[in-house]
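Peer 1: For chain A, the structure is supplied; the task is to place chains B, C, D, E and F on it using the hints.
6 protein chains.
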Amino acid sequence: MNIAVYPGSFDPVTYGHLDIIERASSIFDKLIVAVLENSAKKPLFTVEERKDMIKAATMSLRNVEVDYFSGLLVDYMKQNDYHIVIKGLRMLSDFEYEFQMALMNKKLNDDIETLFMMTNSKYAYLSSSIVKEIAKFNGDISELVPEYIALRLKEKLRGK
Amino acid sequence: MNIAVYPGSFDPVTYGHLDIIERASSIFDKLIVAVLENSAKKPLFTVEERKDMIKAATMSLRNVEVDYFSGLLVDYMKQNDYHIVIKGLRMLSDFEYEFQMALMNKKLNDDIETLFMMTNSKYAYLSSSIVKEIAKFNGDISELVPEYIALRLKEKLRGK
Amino acid sequence: MNIAVYPGSFDPVTYGHLDIIERASSIFDKLIVAVLENSAKKPLFTVEERKDMIKAATMSLRNVEVDYFSGLLVDYMKQNDYHIVIKGLRMLSDFEYEFQMALMNKKLNDDIETLFMMTNSKYAYLSSSIVKEIAKFNGDISELVPEYIALRLKEKLRGK
Amino acid sequence: MNIAVYPGSFDPVTYGHLDIIERASSIFDKLIVAVLENSAKKPLFTVEERKDMIKAATMSLRNVEVDYFSGLLVDYMKQNDYHIVIKGLRMLSDFEYEFQMALMNKKLNDDIETLFMMTNSKYAYLSSSIVKEIAKFNGDISELVPEYIALRLKEKLRGK
Amino acid sequence: MNIAVYPGSFDPVTYGHLDIIERASSIFDKLIVAVLENSAKKPLFTVEERKDMIKAATMSLRNVEVDYFSGLLVDYMKQNDYHIVIKGLRMLSDFEYEFQMALMNKKLNDDIETLFMMTNSKYAYLSSSIVKEIAKFNGDISELVPEYIALRLKEKLRGK
Amino acid sequence: MNIAVYPGSFDPVTYGHLDIIERASSIFDKLIVAVLENSAKKPLFTVEERKDMIKAATMSLRNVEVDYFSGLLVDYMKQNDYHIVIKGLRMLSDFEYEFQMALMNKKLNDDIETLFMMTNSKYAYLSSSIVKEIAKFNGDISELVPEYIALRLKEKLRGK
Chain A
1 MNIAVYPGSF
11 DPVTYGHLDI
21 IERASSIFDK
31 LIVAVLENSA
41 KKPLFTVEER
51 KDMIKAATMS
61 LRNVEVDYFS
71 GLLVDYMKQN
81 DYHIVIKGLR
91 MLSDFEYEFQ
101 MALMNKKLND
111 DIETLFMMTN
121 SKYAYLSSSI
131 VKEIAKFNGD
141 ISELVPEYIA
151 LRLKEKLRGK
Chain B
161 MNIAVYPGSF
171 DPVTYGHLDI
181 IERASSIFDK
191 LIVAVLENSA
201 KKPLFTVEER
211 KDMIKAATMS
221 LRNVEVDYFS
231 GLLVDYMKQN
241 DYHIVIKGLR
251 MLSDFEYEFQ
261 MALMNKKLND
271 DIETLFMMTN
281 SKYAYLSSSI
291 VKEIAKFNGD
301 ISELVPEYIA
311 LRLKEKLRGK
Chain C
321 MNIAVYPGSF
331 DPVTYGHLDI
341 IERASSIFDK
351 LIVAVLENSA
361 KKPLFTVEER
371 KDMIKAATMS
381 LRNVEVDYFS
391 GLLVDYMKQN
401 DYHIVIKGLR
411 MLSDFEYEFQ
421 MALMNKKLND
431 DIETLFMMTN
441 SKYAYLSSSI
451 VKEIAKFNGD
461 ISELVPEYIA
471 LRLKEKLRGK
Chain D
481 MNIAVYPGSF
491 DPVTYGHLDI
501 IERASSIFDK
511 LIVAVLENSA
521 KKPLFTVEER
531 KDMIKAATMS
541 LRNVEVDYFS
551 GLLVDYMKQN
561 DYHIVIKGLR
571 MLSDFEYEFQ
581 MALMNKKLND
591 DIETLFMMTN
601 SKYAYLSSSI
611 VKEIAKFNGD
621 ISELVPEYIA
631 LRLKEKLRGK
Chain E
641 MNIAVYPGSF
651 DPVTYGHLDI
661 IERASSIFDK
671 LIVAVLENSA
681 KKPLFTVEER
691 KDMIKAATMS
701 LRNVEVDYFS
711 GLLVDYMKQN
721 DYHIVIKGLR
731 MLSDFEYEFQ
741 MALMNKKLND
751 DIETLFMMTN
761 SKYAYLSSSI
771 VKEIAKFNGD
781 ISELVPEYIA
791 LRLKEKLRGK
Chain F
801 MNIAVYPGSF
811 DPVTYGHLDI
821 IERASSIFDK
831 LIVAVLENSA
841 KKPLFTVEER
851 KDMIKAATMS
861 LRNVEVDYFS
871 GLLVDYMKQN
881 DYHIVIKGLR
891 MLSDFEYEFQ
901 MALMNKKLND
911 DIETLFMMTN
921 SKYAYLSSSI
931 VKEIAKFNGD
941 ISELVPEYIA
951 LRLKEKLRGK
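Protein chains in written order, with my numbering: chain A, 1 to 160; chain B, 161 to 320; chain C, 321 to 480; chain D, 481 to 640; chain E, 641 to 800; chain F, 801 to 960.
Wrong hints could be hidden among the right ones.
Claimed, not checked - Cross-link-like lysine to aspartate or glutamate pairs, in silico, EDC-like; alpha carbons within 16 Å at most:
no.: 1; chain 1: B; residue 1: K292; chain 2: B; residue 2: E303
no.: 2; chain 1: F; residue 1: K906; chain 2: E; residue 2: D659
no.: 3; chain 1: C; residue 1: K427; chain 2: F; residue 2: D867
no.: 4; chain 1: E; residue 1: K746; chain 2: E; residue 2: E773
no.: 5; chain 1: D; residue 1: K612; chain 2: D; residue 2: E623
no.: 6; chain 1: C; residue 1: K361; chain 2: F; residue 2: D910
no.: 7; chain 1: C; residue 1: K452; chain 2: C; residue 2: E467
no.: 8; chain 1: D; residue 1: K558; chain 2: C; residue 2: D460
no.: 9; chain 1: B; residue 1: K266; chain 2: C; residue 2: D430
no.: 10; chain 1: F; residue 1: K922; chain 2: F; residue 2: E898
no.: 11; chain 1: A; residue 1: K132; chain 2: A; residue 2: D110
no.: 12; chain 1: C; residue 1: K398; chain 2: F; residue 2: D940
no.: 13; chain 1: D; residue 1: K522; chain 2: D; residue 2: D509
no.: 14; chain 1: A; residue 1: K122; chain 2: B; residue 2: D270
no.: 15; chain 1: F; residue 1: K878; chain 2: D; residue 2: D620
no.: 16; chain 1: E; residue 1: K762; chain 2: F; residue 2: D940
no.: 17; chain 1: D; residue 1: K602; chain 2: A; residue 2: D81
no.: 18; chain 1: B; residue 1: K282; chain 2: B; residue 2: E303
no.: 19; chain 1: C; residue 1: K456; chain 2: D; residue 2: D555
no.: 20; chain 1: A; residue 1: K30; chain 2: A; residue 2: D81
no.: 21; chain 1: A; residue 1: K41; chain 2: E; residue 2: E795
no.: 22; chain 1: F; residue 1: K922; chain 2: E; residue 2: D750
no.: 23; chain 1: D; residue 1: K616; chain 2: D; residue 2: D591
no.: 24; chain 1: E; residue 1: K772; chain 2: E; residue 2: D750
no.: 25; chain 1: D; residue 1: K586; chain 2: C; residue 2: D460
no.: 26; chain 1: B; residue 1: K282; chain 2: C; residue 2: D430
no.: 27; chain 1: B; residue 1: K267; chain 2: B; residue 2: E303
no.: 28; chain 1: B; residue 1: K201; chain 2: A; residue 2: E133
no.: 29; chain 1: F; residue 1: K830; chain 2: F; residue 2: D867
no.: 30; chain 1: F; residue 1: K907; chain 2: D; residue 2: E623
Hints are computed from structural coordinates only; laboratory data are not their basis. All values reported here derive from a predicted model rather than from experimental measurement.
Just chain A, with the same shape it has in the complex (with noise of 0.2 Å):
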């Protein structure tokens, strides 16, 4: 069976990563989105909260799984016996450090392949970073992220 792994921070999820999701899932048998614990970069949501929306935003497709990592990648996927990682490029800036971070992959293990897709053209602007920033003031961001997800920032944003 071909697994393949999408890992990410989805600090939310955008329109962006589902548009990658749903491409990823009908290409591969199974995809795991795997969010990243990352405490360093103060996160918005917890990790529970990430994988939380992206479950309620991939409900309908049924081989995509929702699991999360701390540390490095190369370690998650050894134990987990994955071996193919997909990323989404969206812009030049994306390429660089996603190169960077593919050799550096390879070079820690040998087995992990790094397939990239290209992020639609329409979603070019959109990053997570981008959306808390709109959200932050108030801005329209129903074409960025799901209305669940929107509810959800917003919530956050008022809590704080």
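Peer 2: Below, chains B, C, D, E and F without anything else, positioned relative to chain A:
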């Protein structure tokens, strides 16, 4: 009347910004230099100080006005019925960030057009951060900012 | 009166170009679409044919005029007392070439200002060459150029 | 069954291509290496010769097949009911061109997904053109292409 | 005598840096590795520790000296009558930042020339930050830094 | 003695090249400007003419010699026991091509080191092709090449 808005942090304004201001003011009927009040970025100068310095440096340009905004640029544009944003491009990284911002702003408000001007290649190296870094170590900034700004910068850094 | 010139080969004009033309014409009092007569590049369509197709596609835009030039853009600008050039930017390679051209034109004539607009991300993939390549193999170009241009392109390619 | 298509000119196939072929063939059930018959580009080797060389170099990989196509990749994919394209990325310029192609192909046929793999950094400098350039001046190409390909290349260049 | 200065944070020195040091020391009569004392960046190792590690790793290179500086590189160069800066380039983002720095340094002192060397593509993925990130999670760094540095890094991270 | 080689087409030499030649000649004991005889590229000037123009323009620099080579740069370096190549970098596209060439040359001969210098930002727009393009249309090239080169270029273009 053709009105353009040139937004930025201007902490402080440099000869690179002034080059854009001068050239843009000769194209449009009015140019609004809009200082972003961004408390998260911890600017060295207050909004008032930054506005004063831009006013002093653009005194000879009759159709230049200095204003400020907080929050989203698109909201500021809408409230004032402005439609044209001017941005200066220096190098690649500028381009990517500005590309993302322009797409996002167009998404948030389709009535906004962003026009880009190339910064004079003489100032390709120049940014407010570099000016502050050099001033901090008493380096020579006389070709980077007008004399008055250089004085204000030295005062401010000494006062800290 | 604010007049801007949008120069290019337009061999043939695409929805990407038309997006820039429409948006630029709403900013400036008049927009001149200036077709470059470049015999060295061996265009598929003659200058007259290219002008006709642009005229047909921009008929509804009252302040758009179609013209042509040969030789250097700066000479054309000077002879007509035009000062503003509009260019569309799609991706990185565009940026670099256009950056070089803008610097060169400014060097040759300091009175010329080049303003850049981001092409709609929907058309990030689109160029006249790609349209011709697809048309050559009878691919579907109905979302790449207006119907009239598609017809002219098919005629032209069949006639060869 | 998961089938991926790796299209290219392969004029001739290099260790850079073979690295991608080997790694892609370990991910997918079947990998079709599809040689583009592009008479406009005036290849050094005929399609048959290029296919032969790839077959010789991939003999040990059971799930690799070699095919050819002319015209548009999307048409070839459709006729054979293939849905996944594999492309190798080396450096920035690759990225931009491939980005444009992937977007265009997706536009022409929404059922096609392009997946990208990073070429091993060992081969970052390697292209078919560079191999031909070095071979032309009798430079050492033994670390750039398999021995059999090197022989065929020398024969071909001598025969000219 | 031709003296070159290789400035950096070296927190800690990696095989990527050592590749540049070795190659640059074979070109110039003397190479000064100049450790930047930058308290703002909160380095993991003190200047003394970073100098010690570089000394240990370059012991066999007779014309390499290790020094440190704080403040502006141009001031350090001037005080010691040095004129040549060596920088390693890995990827695009390096290039842009280094380009800006080289232009700025030339502006501040026209007697300074910056020469760039390409980092071996084997180390394209390597940076001090990545080494620290991997070491933090007990990943294998034996091919990224010399054994002695790996030990010092583990000690330091454990002591925290 | 430290000898560096600055290879190129120099068809014709521009102020951008001369900026690199002057600065490189102040760093190395001897600088060889090596004109590439590349018949495939159909240069405007013969190798002898290009050499003459460089000699005329570098007369005041005592440690600059002008030579030519055909075939591979690495072979020319080896035959003359040269080890250091100097290249000028202007913008991103330069960087990528030069990166590939430097890696390839290092691969073909490990004794060769390529050092890069940033072209003065004043000449960021400048290339031999652009100079020829402007001269063809009688544009002003007096700030792009020395007077003697401008004359030779006009003669050559008239004679065609």
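Peer 1: Just to be careful, I want the Cα atoms of K201 of chain B and E133 of chain A compared with a cutoff of 16 Å; is the pair within it?
Peer 2: With a Cα-Cα distance of about 13 Å, the restraint between K201 of chain B and E133 of chain A holds, given a limit of 16 Å.
Peer 1: If you draw a straight line from the CA of K266 of chain B to the CA of D430 of chain C, is it 16 Å or shorter?
Peer 2: violated, 31 Å
Peer 1: Given the proposed pairing of K427 of chain C with D867 of chain F, does the C-alpha separation stay at or below 16 Å?
Peer 2: violated, 32 Å
Peer 1: Is the straight-line distance between the alpha-carbon of K361 of chain C and that of D910 of chain F 16 Å or less?
Peer 2: violated, 41 Å
Peer 1: Please verify whether K30 of chain A and D81 of chain A have alpha carbons no more than 16 Å apart.
Peer 2: The given pair, whose Cα atoms are some 13 Å apart, holds under the 16 Å limit.
Peer 1: Check whether the Cα positions of K746 of chain E and E773 of chain E lie no farther apart than 16 Å.
Peer 2: violated, 34 Å
Peer 1: Given the hint that K907 of chain F pairs with E623 of chain D, does the C-alpha gap stay at or below 16 Å?
Peer 2: holds, 9 Å
Peer 1: Within a Cα-Cα threshold of 16 Å, do K41 of chain A and E795 of chain E meet the stated pairing?
Peer 2: Roughly 24 Å between the alpha carbons, so the hint for K41 of chain A and E795 of chain E is violated.
Peer 1: Under the criterion that the straight-line Cα-Cα distance not exceed 16 Å, is the pair K830 of chain F, D867 of chain F satisfied?
Peer 2: holds, 13 Å
Peer 1: Mind checking the alpha carbons of K267 of chain B and E303 of chain B for me, to see if they're no more than 16 Å apart?
Peer 2: violated, 39 Å
Peer 1: Does E623 of chain D sit within 16 Å of K612 of chain D, going by the straight-line distance between their CA atoms?
Peer 2: Holds, at roughly 13 Å.
Peer 1: Under the criterion that the straight-line Cα-Cα distance not exceed 16 Å, is the pair K292 of chain B, E303 of chain B satisfied?
Peer 2: Cα-Cα ~13 Å, so holds.
Checked against the numbered hints above, the structure violates hints 3, 4, 6, 9, 10, 11, 13, 16, 17, 21, 23, 24 and 27; every other hint is satisfied.
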